[in-house]
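Engineer: The task is to assemble the complex, starting from two chains supplied on their own in separate frames and drawing on the hints.
From first to last, the protein sequence lines are chains A and B.
If you read the first sequence in this note's numbering, its first letter stands for residue 1, the second for the next number, and so on.
If you read the second sequence in this note's numbering, its first letter stands for residue 312, the second for the next number, and so on.
Honestly, the hints are just simulated from the structure, not real lab data.
For clarity, every value in this text was computed on a predicted model and none was experimentally measured.
Please note: incorrect hints may appear among the correct ones.
[What the hints assert, rightly or not] Ranges of calculated distance between the beta carbons of each label pair, as one might list FRET restraints:
#1 B:459 - A:17: 55 to 63 Å
#2 B:373 - A:295: 58 to 66 Å
#3 A:200 - B:373: 33 to 41 Å
[Said to hold, decoys possible] One side only, chain B facing chain A, incomplete, derived with CB under 8 Å:
#4 393
#5 396
#6 413
#7 416
#8 419
#9 420
#10 432
#11 442
#12 443
#13 494
Heads up, the beta-carbon is just placed ideally off N, CA and C, and yes, glycines get one too.
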Amino acid sequence: MAIAARGPSTADVVRQHLQGRRIDYKGALFQAAILVALLLSLVILFVLISQVVRGGIEVFQERGFDFLRGRLTVVSASIAGVGQGIAGSLLLMAFVVLAAFPAGIGAAVYLQEYAPDTKLNRFVNVNIRNLAGVPSIVYGILGLVIFVQVLGPLTGGKTVMAGGLTLAVLVLPIVILTTMEALRAVPGSIREAGFGVGATRWEVIRSHVLPAAAPGILTGTVLSISRAIGETAPLLLVGATTGLLATGGSGFFESLRGGYTALPVIVYRWTSLPNEDFRALTSAAIIVLLLLTLSTNAIAIILRNRYERKW
Amino acid sequence: MTAQETKPGIRLDTAEHAVERRPAGELVFDVQDLSVYYGEFRAVREISMSIAQNQITALIGPSGCGKTTMLRCFNRMNDLIETARVEGKILYHGVDLYEKSVDPVEVRRRIGMVFQKPNPFPKSIYDNVAFGPKIAGFKGNMDDLVEQSLQKAALWDEVKSRLKESATGLSGGQQQRLCIARCVAVEPDVILMDEPCSALDPIATGKVEDLMQDIKDEYTIVIVTHNMQQAARVSDMTAFFTAEVNEEQDRRTGVLVEYDKTERIFTNPTDERTENYVTGRFG
Ligand SMILES: Nc1ncnc2c1ncn2[C@@H]1O[C@H](COP(=O)(O)OP(=O)(O)OP(=O)(O)O)[C@@H](O)[C@H]1O
Ligand SMILES: [Mg+2]
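Isolated chain B (complex conformation) (with noise of 0.2 Å):
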């Protein structure tokens, strides 16, 4: 824990596991030694990575290794669980997001997120992506914004003329992409992606990648995904999780193996289990 700089390096973390290579760049997250309870099971154990500004952090792992619930843990959404506890630290440009006077409702306006399944509310299309902007105050004009965030996340020409209908008659992929557009209207400082595109099209897909690469700039993306091309696509950097047996609670808790530039995570990997995983050889 004392070896917590933010000078960029290779650093072989104590354990026998993490390789962990740091981001260029200046820092929007810095994790520190995070552990994630669900009542007496620990989810995910002493995670330390660091993601850095304007670029597009990839998570991957095999299912159940605990990249949803790390995710969870950057916007403060694990509040809602009741049963959810998180240990170690998350600093957020310097600040712990877990301190005691950081109000959870504040980090999740600067720390947008996309769910892994499409989550609409049951209102109008026009009306979701609205609700964020007014809520936090916009003065300029709705209408315009509304536009702007569905061109972004490549849904506008399907919905423009039905902007006042439910969103739940949209398509699952559809949703999906209302849910992203939502999601930027607030124009936030990070987004948070949890398999944005498990239930797009290929052609939806390569809209959404395209979109990531178009508003990097402006913001930080951390996305989880299923699809090894995705991540090597479109990431910057990729954490590898897997889920390790817990000997104490017989269940599998995750674990970060390596952590490093996505380039090579998918040529050059340093953990025999990386390897195995991005090669398709994951047992």
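Okay, chain A solo, but in the shape it has when bound (with noise of 0.2 Å):
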């Protein structure tokens, strides 16, 4: 046919165009450069935590959950454990929940939603950012001085609850922070749609603000008590050394104004004794702190995604 004879058709011409791509070299020198950074922190990650469990696991062996029950002890190793500290722990993480949360995102939404722009409220602003990076034991001196000291006919000086309220202020600035970008995050014209159908202020941010921002805040949140949970230094300052949590006999608010301990304060005690027989202790200790951080980790991440919401 004589269309045939005609040379290259139309379709080879623009084949050849479409196919002549030049190799992208920096792309794929940058590919491969996130490569090994993610690599090398797997990796890192991987060896830490295979050490740890390493010399954990076999306490967990010998002794299953009896070392989950274990006394707070730095003298016999084969009855010491972590039920102090547990306890201790998800007391202190109540106190966070129950102290930081709602002054911390009630001060974000005034921040964010009503505060006016002016000099004070940036000046505040700045501020907060700045707590957040403070160093963690300056919270603890501060706690020394106001929760232990000031307010010790409160708290009865070094007890759970002031180390619960020490915690809440060190993740304070965090939590503000977080909800902050989360409702920053709410486009505004989701207010507008809620002002224009003739809701107030409030109505908005309950009905509208709040609940698009929710899965930030939960994140931000649920992050921080992750951060609460694994802080050693201002804990040994507000008297997380000092002694047992009150179990049984006294009811359970006079028990908040006793003794107790942490887990990371155990590590961190266990870690320092010369005995030998106390390092297998000590990274089954952080073995249960690691799974304790993880699994309020995993709620931050199922919350998130249960509130998941698209705009």
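Structural biologist: See the structure below:
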């Protein structure tokens, strides 16, 4: 046929143009670099975790759940356990949830939704940002002065209450910042839509802004719990080393004004013991602490997925 | 400023621009020397116009001439922009909307708004419509109200089987009609519409225009549109705005050029700029 004789067809020419791609060297290089960075951090993490697991697994194999209930002691490794630490850490967590979350979320809503853009408010904003970067030991000193000494009559001195409140103050800036970030991410058009049908500021916030920001707020706040659980330094200052959590006998509220310890503090103390037997115990305690942190993070992820919203 | 009378009739304003003819009938809005600033920048300058009850008033003009700015003054939506500041008066049934004692929330309950970009709540279709009536303390049958509102917005048939699904899953045009339904659900006195049909196909646009005609007896409608035919088709009065070079600030400030019966604006405008614009010769 005549057409076939006329050299390459249009499709062939177009195909040639479309296929003539250069290899994207810069892009490939960048991809390789970030892959290496990822692998590196994964390897470090893996080494750390396997080290800990190898050191601690036998404790669980030998003693099983007994270790989770064991006593707080630095004398006999065979009966020592983290029961006190778990209870203490959970109680501290409860304090953080009850004290830092309402205060932090409330402050964030005020700063983001109500506060006019004045010099003072900008100053407050900047300072909250700075507070989030203050070393935790400083919060420990603050807690020692305020919750242990000044408010001593209320908290009973170096008690769970003092420790919990100290941790609550420690994570407060983080809660405020992540909540503000989540609120800022809610498009202004949603607020306008609410105002447009005659809603008050509070109705708009409660019905639209907070629900839309909920996944972000939840993630941020739950992650701040993980931070609180892992803290050691401030707790050492406000009494976590001093004693035992009062169990049984006295009422729950009385025990809040008693001595306590927390998982990271136990880890800290056992690490510093010369006794070889406590090496394995330390690893085992770290595993428990890791599991606790992981499960709060898991809760954060589940909550976020559950409330995830698109706009 | 002294010549503010509510008598109908042609009024050539003090400035060289602004040919204004007052609408016949009971007035809903009487705008007097309204200027709006964003910070130092004056976005619209000394607008005076009045808007009559149960009429459709169209605001037309080139992009950036301050139509949205103007519209947002009618329900105090500009209060939400921190830099925005209003000078002059907007009388609503004789009461200045910007008086200290006026509560903007009450204003917005009576003067509803459909925005330029569709902005449904990230909630179910049903909740989108029901939210307004609920906070206004609606006591009747909510299901019926939702159905009626969606029907008015020509959306009911498309969504009746998926009322509990998220509104963000709707197409852009459907979202805009949902926003119209949400607005009429609170049964406002006035409905402000900012280019409500810019994301709609001709069929949906036709439905919305029909809706406007249908509800005109109960509501007063102010609509911003870039579509000349739409303004000519639906509105009773048309205001033409343009942006004038503002010498001090090297930016353009919106002014009202001509305000008259729609028919007249499109067939026999007084100002040359209006004629150029409506005939498509605008630069
Ligand atoms: N929030 C704001 N802050 C500062 N300037 C603004 C703001 N909103 C609008 N403007 C300015 O005010 C002027 C008028 O804007 P407006 O949105 O009212 O125009 P418009 O007539 O609605 O335009 P379009 O037809 O494109 O929607 C423009 O110069 C715009 O840049
Ligand atoms: Mg606009």
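Engineer: Hints first: check each against the structure and report whether it holds.
Structural biologist: Quick rundown of the hints versus the structure:
1. Against the hinted window of 55 to 63 Å, the Cβ-Cβ separation of residue 459 of chain B and residue 17 of chain A comes to about 57 Å, which satisfies the hint.
2. Taking 58 to 66 Å as the suggested C-beta distance range, the pair residue 373 of chain B and residue 295 of chain A conforms, at roughly 60 Å.
3. Separation of residue 200 of chain A from residue 373 of chain B is about 36 Å and conforms to the stated range, judged on CB atoms against 33 to 41 Å.
4. Look at residue 393 of chain B: its Cβ gets to within about 6 Å of chain A, closer than 8 Å, so that hint holds up.
5. Interface restraint check for residue 396 of chain B: the shortest CB-CB distance to chain A comes to about 14 Å, outside 8 Å, so the restraint is violated.
6. Given hint, residue 413 of chain B at the interface with chain A, is violated; its Cβ is 14 Å from that chain's nearest Cβ, farther than 8 Å.
7. Annotation: interface hint on residue 416 of chain B holds; nearest CB of chain A at approximately 5 Å, less than 8 Å.
8. Taking 8 Å as the C-beta contact cut-off toward chain A, the hint placing residue 419 of chain B at the interface holds, the least distance being around 4 Å.
9. Proximity of residue 420 of chain B to chain A holds as hinted, the smallest CB-CB distance being about 3 Å (cut-off 8 Å).
10. With a cut of 8 Å, the hint placing residue 432 of chain B at the interface with chain A holds, because the nearest CB-to-CB distance is about 6 Å.
11. Below 8 Å, beta-carbon pairs count as interface contacts, and residue 442 of chain B has one with chain A at about 6 Å; its hint therefore holds.
12. This hint holds: residue 443 of chain B has a C-beta 4 Å from the nearest C-beta of chain A, less than the 8 Å allowed.
13. Because the smallest distance between the Cβ of residue 494 of chain B and any Cβ of chain A comes to about 7 Å, under 8 Å, the interface hint for this residue holds.
Of the numbered hints listed earlier, those contradicted by the structure are 5, 6.
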